[in-house]
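Undergrad: One letter stands for each residue in the lines below.
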Amino acid sequence: MGASKKESVEVDKKKKNSKKNQPPKKEKHDTEESVLAQKLEDTATDYKELSADDDSEDYKSVGESEAGDGESSGDEGIHNTGSSEGLAIDGHSEDSEPDQGAEESDSSEDEVAPRNTVGDVPLEWYRDEKHIGYDIAGKKIKKKERQDKLDSFLANIDDSKNWRKIYDDYNDEEVELTKEETKLVRRMLKGKAPHADFDPYVPYVDWFKWEDAKHPLSNAPEPKSRFIPSKWEAKKVLGLVRAIRKGYIKFDKPKEEPRFYMLWGDDASSSEKTGHLSYIPAPKPNLPGHEESYNPSLEYIPTQEEINSYQLMDEEDRPKFIPKRFTSLRSIPAYENAVKDSFERCLDLYLCPRIRKKRINIDPESLKPKLPSRKDLRPYPATCYLEYRGHTDAVMSISTEASGQWIASGSSDGTVRLWEVETCRCIKVWEFGEIVQYVAWNPLPELPILAVTVGQDVFLLNSGLGNEEIQRKVKELLQVETPTAPVDSGNKVSGWSWLQDDEHEGIRLRHFKAVYSVEWHRKGDYFSTVMPAGDSKAILIHQLSKKFTQRHPFKLHGLPVSAVFHPTRSIFFVSTKKNVRVYDLLKQKLIKKLETGLREVSSISIHPAGDNVIVGSRDGKLCWFDMDLSSKPYKVLKCHPKDITNVAFHRSYPLFASCSDDCTAYVFHGTVYSDLNQNPLIVPLEILRGHAISNGRGVLDCKFHPRQPWLFTAGADSLIKLYCH
Amino acid sequence: MVARKKHYRPPGKKKEGNAARYVTRSQAIKQLQVTLGFFRRLSILKGIFPREPKKKFKGNNHTYYHVKDVAFLQHEPLLDKFRDIRAYQKKIKKAEAKKNADLATLLRTREPTYKLDRLVRERYPKFVDALRDLDDCLTMVHLFAALPAVERAKIDVELIHNCRRLSHEWQAYVSRTYKLRKVFISVKGIYYQAEIEGQKITWLTPHAMQQVLPDDVNFSVMLTFLEFYETLLGFVNFRLYHSINVKYPPILDPQLEALASDLYALSRYIVSNSRTSTLEPEAASSSTSQQLEAQEKEMQADESELRLAQLQHQLPSNEPGALMHLMENAECEHEDDQDTKECRRLFKNMKFFLGREVPRESMLFVIPAFGGVVSWDGEAAPYKESDQSITHQIVDRPTQGHKYLSREYVQPQWIYDCINARIILPTEAYMVGRIPPPHLSPFVDNDAEGYIPDYAETIKRLQAAAKNEVLPMPGVGKEDLDDPQNLLVEGYISRAEANEAVKTKKKMATLEKQYHEELQRELQGAVMKKSKQGSEEDAKASEESVPDPKQIAEDIDTMSKLGMSRKKRGLLEAIEKRKERNTARISKLKERKKKLKSSEN
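From first to last, the protein sequence lines are chains A and B.
Sequential numbering of the first sequence, starting at 1, is according to full-length UniProt numbering.
Sequential numbering of the second sequence, starting at 1, is according to full-length UniProt numbering.
Hints were generated in silico from the structure; no laboratory data involved.
Any given hint could be a false lead.
[Said to hold, decoys possible] Computed beta-carbon distance windows for the label pairs:
#1 N60/B with L312/A: 27 to 33 Å
#2 K550/B with K475/A: 53 to 59 Å
#3 N60/B with G265/A: 41 to 47 Å
#4 K523/A with K579/B: 56 to 62 Å
#5 R152/B with L312/A: 36 to 42 Å
Bear in mind that the values here come from a model prediction, so they are computed numbers and not experimental data.
Ideal Cβ positions, reconstructed from N, Cα and C, are used throughout, including at glycine.
For reference, chain A alone in the conformation it holds in the complex:
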């Protein structure tokens, strides 16, 4: 709409111009011809106006032409300037309007060039000249020779066509109208539309949209935006300019670079270090074996039963690939897991942590520690030489006499037997009628006294060995004086009493709970007993010579298992189920606590030098403690699959042994060096077998011979065996 409004503005301007021009025109042309010409012009313009585009202004001019008065020249001016189509139709009419030639020359006179180019100047200026103006080349156009008025009049009378001749003042020539033109003129004179085909009574189309408007035109003043250049458009243009300048919009296509080029030029030059962590290449996928073939050997194909058995397996154990056989290449189907396998490989590649592992072909032998050969470590017990038969039930405990000539054994058949080592002869039998838990020889050779635990009692028995003097001494010792009785009664609260046992010719030491074990002091005067259920009085230390009993003065943390005297010093080891506590008996204080880390300690043994301790446990582990080193075990040997029942050190040889319920006994070499910097050398030497399991128990006790490298083992199968080198 803006554009059309502008046009109308222009039109208005021209209207004014034409109004200015017209008054002199009328003054000039007083002649008939000029009137006719004027009329012609008017009608022509009318016609043109009608044939012009159907704008909203049209209906107005149509109405005027219908009214038929040719006076309203102002409007005609408008339409003339508007367009030239109407003029093109009546080709000559332009010649007949000299006054408007100047105005129209630029637009409507393309086809017939005007001969006179003087423009819109008063022709009277040329009245006295010989020429009327200039042609397009700038040459003067001469005036035609003037005829006599009379001659011309006569000529006009003679000429029958005179009436259609018109004199063109401007170009100084006579124009003869054609028939069509005259027809047009006639129609116009009648007040009709000049063209015969034109229908002035076409049904009216109301192009205007009457939206709330009473009038088709508004007399509101033109908005300013119509007069000034659009800011929005300017912005848009500016944006485009900027985009081009910045290179957002590119008119030339980017140059195609070759996608691939020589990436690795010289390998020699590319050996620069990345300075990054080392790249660990992913392991390559496994190469397929025979079984993955489409046509494997028949033996690779599992039977139907085997395939069925896979279903019962755990999903992780199930074989991922079941070999199949296709008899020809064409029958292979698509592998359904192809994409999935590839995807899993991808996951492995980017999600699996990578470690560089040296996968050398390790010789399993090389993993085993270098140990001195066993031959060099002889002698040690290796083979079973003797068996001591006589017990009718499991042999619970054995003990060797200090000289090494005798052994005593306690069994669950309620007897204690005394054997001669070399002859296997049973010298003596004591009957108790109750399970004999433990036997222990007095370590002094001149005091062949046997301590035996049966139920709640500890019996001190005279073995009846040795010469008379010794016998006398022993008998003396084993006499409980009556005066101790009141002491006993006084101690009844604490629950132990020294009693004379006439049946076995010894002392019966009564406890208030079942006694588990009894251990002698190295000097043979003191001995300790352990009552696991005895709470604070679980561990008692007895003095044989004075028939005196005292309580172990320290608090126990946990159930006591065994209590042992140090072989040389007055140090006392008490082992509970978890730990071993070491006390100094003279200073009456705790020296050390050995943390075994075992579940349940079953036995303990002290190295004859006293600085090393071995502890056996019910989870089959053997701990070696170096007392000087640490409170943690120096070495843990997991040797037995079942409980370790007992551990033992040899008194003179560097040997130690462990026996277990799995019917084996291990013999180890254990050298302790006097050099403190050197760790003890522990070498397993031999596994001793031979006992049989009975009631789920195997070997119950093992003891070394005091002088020889021999080992006695007591089995639950009621046998005692001697292993010699």
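Based on the hints, put chain B in the right spot on chain A.
TA: Okay, now just chain B, sitting in the frame of chain A:
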């Protein structure tokens, strides 16, 4: 009670040890300020992988990255690039949301892109490194070359075409330079092994079937991998082509490419004539789109061959007989190792013809790689089935109707077995309609495995015979006499007759086997009796004196284990376990074999 921290660290104290050297994945993501998807993508492209700290300070179910690795990612320009791209995508999205289609299209035209070539160089500073890691790359590219384009999974056609192109280029190189070493048809696909610059590169191509796309696969991860692999393989191919003086990428008119079979004939023709003219694209331009479609299928199979021809064609063309020249050159090249020479000579002077049902793509790759000449049953084949010079026709159908007497009809497995054995095997076992002998994996070292399948042994014997240039073993020679294959070649003989011959042969064989077995049994029985007596005596002796040596050995073993540290003991136990498993497997195989034999008898 307030839960105490497991490891108390006074404030302000720096971390030490593993906690300072490693970060978990979520920590890394936080540090890099990226999303998990971004991180994943970046680490795949950069080849960053988690590492295993000695002590897992956050627990076992965390993934740990080395801090240096994370820093490496942080300094990656690609990270910024990805961010830019993401911002740009947001712009487009915004424009679209505002219905500013013009802007959206304008933005789309200038989307930022990125290149991965720097990363390839960074990850593989040397060409050999790239070759070493090429296995996965090739497998993946070959897999995608066989996948259908799926819009849902964002696998577009272009990608698949590119994969196909790359894989064919690779195959063309391998085939042309005779680098292929081993082929194995498994249920999963066909394994190929090539040896390039001393690197053994193994890859798997799926069987030419419609692949199924499972739902539980994250394709975006695979596509990221593929993106890198495509770049890598492109550069590797470039380098390889460069090394044999061939321009890369091979310039192929796309239309010609579609019409590969025509081009094949054309280029062959050109090569055989003068090798001076250039490719003429107008040959293809006349074709209609329908033809294109029809031959699309053809293309897949022929492309490798086409490339081969192309390779030959692109040699310095100013000289007539360029191909011949190259061949001479190659022969002069003494740097070719023994293996390559052997491979080149395997199918020399042999002409193959493929039946319609034979997997053509694989055959067209494999046979030329071992010096053979091959044609197929199709429009553009270099020679027709009726060619008299064809020595072997490869057929995979139950029966073959018309037979030429001058050639042998074998199943495709024969080709692969020959390649793996590196000798020309006798063809009678691979005849049409028979069940071929077992196809054995060339990747297994039978001796190390401890179990040698029967057919491997026969192949071994044949190889030895071929080496000594002597006729195969007498037994084999005899078999040849009544070999139905020979009879077939000699004259027309009905299938029934052939079958009969086979049956009689089998019978003979079984009888022979029985006899042998009986003999063996007798021998064993004698030995057994002896050994039984001996063992009884032994037992007595052992009871009397020494415990049996087995026990002693075991004891020694257990005792030696006692002194070991826990770590070493574990290692030892693992070794022993593996050994045990192996022996169990082998014994199972043997047992199965025995059962099979007994059921046969």
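Undergrad: Look at each hint and say if it fits the structure.
TA: How the hints compare with the structure:
| no. | hint | verdict |
| --- | --- | --- |
| 1 | N60/B with L312/A: 27 to 33 Å | holds (30 Å) |
| 2 | K550/B with K475/A: 53 to 59 Å | holds (55 Å) |
| 3 | N60/B with G265/A: 41 to 47 Å | holds (46 Å) |
| 4 | K523/A with K579/B: 56 to 62 Å | holds (57 Å) |
| 5 | R152/B with L312/A: 36 to 42 Å | holds (38 Å) |
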